[in-house]
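S.K.: Spelled out, the chains give:
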Amino acid sequence: MPKFEWQEVSIDVDEDGFIEDPALWNEQVALALASTEGVDALTEDHWKLINYLREYYAKFGIAPMIRKLCKETGYSLKEIYDLFPSGPAKGACKVAGLAKPTGCV
Amino acid sequence: MPKSLKVSDISHPVEQLAQVRPDELMPLPPPYDKIEEQPGWKEISPAQRQKYEASLDGVVAVGVPIPATAEEEDRLVEGFLSGLKKLLTKENNWTFLQQLMLSIDHCARCQNCIETCPIYVSSGYNDIYRPTFRSDLFRRLVSKYIKPGGKYFGELKQGAIELNWRTVSRLLELAYRCTLCRRCAHACPIGLGNALITHELRKLFSMEFGYSPKEIHDKGSMLQLKVGSSTGMNRLAVMDNVEFIDEDMSDLTGLSVKSVWDKEGADVLLIHNAGEFISWPENPGAFALILEAAGISWTLSSELAGYDGINYGLWYDDAQFARVALLHAQAAKKLKVKKIVIGECGHAHKALTVIADRILTGDLSVPRESALVLLREIVMSGKLKLDPSRNDFPITLHDPCNMVRLMGIVEPQREILRKIAPKFREMEPHGVYNYCCGGGSGFAIMSPFNFQDWRLSVSGRMKLKQIVEAFADCPGPETPKYLCAPCSNCKGQIRDLFRYYGVWEKQRILYGGLVELIVNAMVDIKEPFIKWEFH
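Chains W and E supply the protein sequences, listed in that same order.
For the record, in the first sequence the residue sitting at position 31 is 31 according to the working numbering, with numbers rising by one throughout.
For the record, in the second sequence the residue sitting at position 52 is 52 according to the working numbering, with numbers rising by one throughout.
By construction, these hints were calculated from the structure, which means they are not laboratory data.
Once the Cα atoms are required to be at most 30 Å apart in a straight line, the calculated DSSO-like pairs of lysine-lysine come out as:
1) 383/E to 419/E
2) 90/W to 100/W
3) 531/E to 78/W
4) 68/W to 263/E
5) 334/E to 59/W
No experiment lies behind these values; they were computed from the predicted model shown.
Can you build the whole structure from these sequences, using the hints too?
M.R.: Below is the structure:
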């Protein structure tokens with residue numbers, strides 16, 4: 001299991017850089033993970049998406065559908081890609097500390 | 001040309017047995033013909049090589065640990081022999097013993113099958129991927145180590161082989177270089193299956209050692225048995241998603257869409273691959289709309305696994321397979337439905353309609369049917385008002401191996417397309433001679449180490465070529481085109497292929513299912529249903 005280290009942060013991640021234990025996530029970890037996604041600073045827009053993802057994840061144990069994410073946060077898919085260049089699943093969910101999606105998705 | 005290999009080389013202590021080189025792969029048609037523009041491969045690092053089995057071809061699908069001690073080496077060999085014996089006894093192999101014995105005893109080594117394998121051909125005829133390489137190896141092991149007198153005569157009968165830990169750990173990886181598409185079995189004069197041997201090897205490794213890709217087992221069938229779906233959706237999550245999809249569909253089409261949950265006595269229990277709800281929600285949405293418009297009595301089930309038709313055990317483990325198949329049948333029994341209809345998912349078709357016959361006997365024998373058949377009935381019945389000119393763009397069809405070659409469901413989808421898609425054209429070859437998307441048998445969801453590079457460069461290569469050639473008369477991005485692929489797993493692989501090679505940007509080929517095209521042709525919807533956005 002690869003170890004990911006950034007400043008004071010040291011966490012286990014999978015081969016795609018997703019956090020192994022979502023319980024270890026905090027804001028510092030988000031900044032650390034964002035650095036792997038070409039995102040230098042987390043703006044209010046980033047946090048709005050991250051917070052929505054985390055709330056949904058806490059309730060249902062999975063990431064929301066992308067269309068739902070767009071509709072309920074008001075960001076278009078293009079805007080999400082502008083904020084997280086790898087996109088909602090591989091970018092935003094990773095920074096928000098969600099586990100990598102599973103199944104035929 | 002890749003250097004040739006002997007079957008007995010599998011046990012040699014070389015650092016890597018075979019090489020996959022981009023310049024030796026089958027050439028792709030333009031605009032993907034420049035090797036320097038193709039995405040590069042991720043290399044397995046020296047540190048990873050010390051830890052995981054990567055000595056077959058420098059690709060890692062499973063990541064089995066390299067044995068650290070002589071005891072661990074022995075354990076691999078002994079476990080393999082124990083598993084091999086079990087595969088060949090009826091008490092332990094209740095699914096495929098007869099077919100396996102036929103495939104072991106009757107191969108005439110005519111090699112008729114090898115040219116039909118998309119992986120072997122795409123790889124530039126790399127011996128390590130020759131379908132008979134694996135089968136021959138398997139036969140030699142059985143002949144020498146299992147058959148009576150094999151120690152003395154086994155090699156004389158079938159050829160030289162040495163069983164050591166390298167043979168075992170390389171065979172495990174080699175069992176994940178075949179998509180189980182069964183094109184070779186179709187070409188065999190007596191229908192013997194290289195894919196079957198691949199499957200039995202996977203089964204041995206999973207059931208004897210617990211070795212299998214984590215996407216298929218830990219995060220696949222185990223997750224489905226625990227929460228109800230390999231996507232991780234429990235019943236609350238799926239019901240929340242479907243509620244959202246219904247609202248979204250109603251907004252998009254101007255028609256009221258309301259999915260039905262847990263309706264007792266419905267004619268049809270519709271089971272989708274649950275990946276559709278998350279990644280392609282327009283697909284289950286279109287199903288709901290069509291079934292409602294056609295007045296079908298139908299329902300979804302919120303029982304454990306009742307809303308996820310996947311059964312990954314099909315690819316690697318009979319026990320996992322049986323557990324999930326039972327849950328599907330029980331969901332139908334509980335709702336007292338007349339039949340189960342399986343959505344656009346190829347392996348779910350094979351699992352529940354064909355292979356599950358072995359366990360769904362007596363009371364559990366609920367009738368099962370492909371959605372393609374029901375859709376044909378609906379489209380041909382005239383219950384929907386359809387205007388084919390709404391699908392006035394070039395369309396080609398991908399045939400999912402399990403529905404078409406395995407089950408013979410060839411015409412229903414074509415009858416529908418001929419009715420609703422004026423610019424439908426076949427890709428070549430098609431129907432039962434189709435090529436796999438390259439994501440079959442679980443590959444579409446497997447991306448560990450550098451396996452994704454392999455499945456997009458090698459196993460998916462033939463499909464990409466076929467798709468591009470089907471649109472040779474309109475290649476440019478100025479003409480939007482549609483690849484109809486009525487299977488979730490195939491769609492996942494095609495999406496990844498298109499992203500990898502930049503197909504959407506270069507050629508504007510969109511992919512999607514069949515029901516989306518039906519809804520797009522419905523005159524009652526207010527605006528085009530198909531959105532020309534890649535996702």
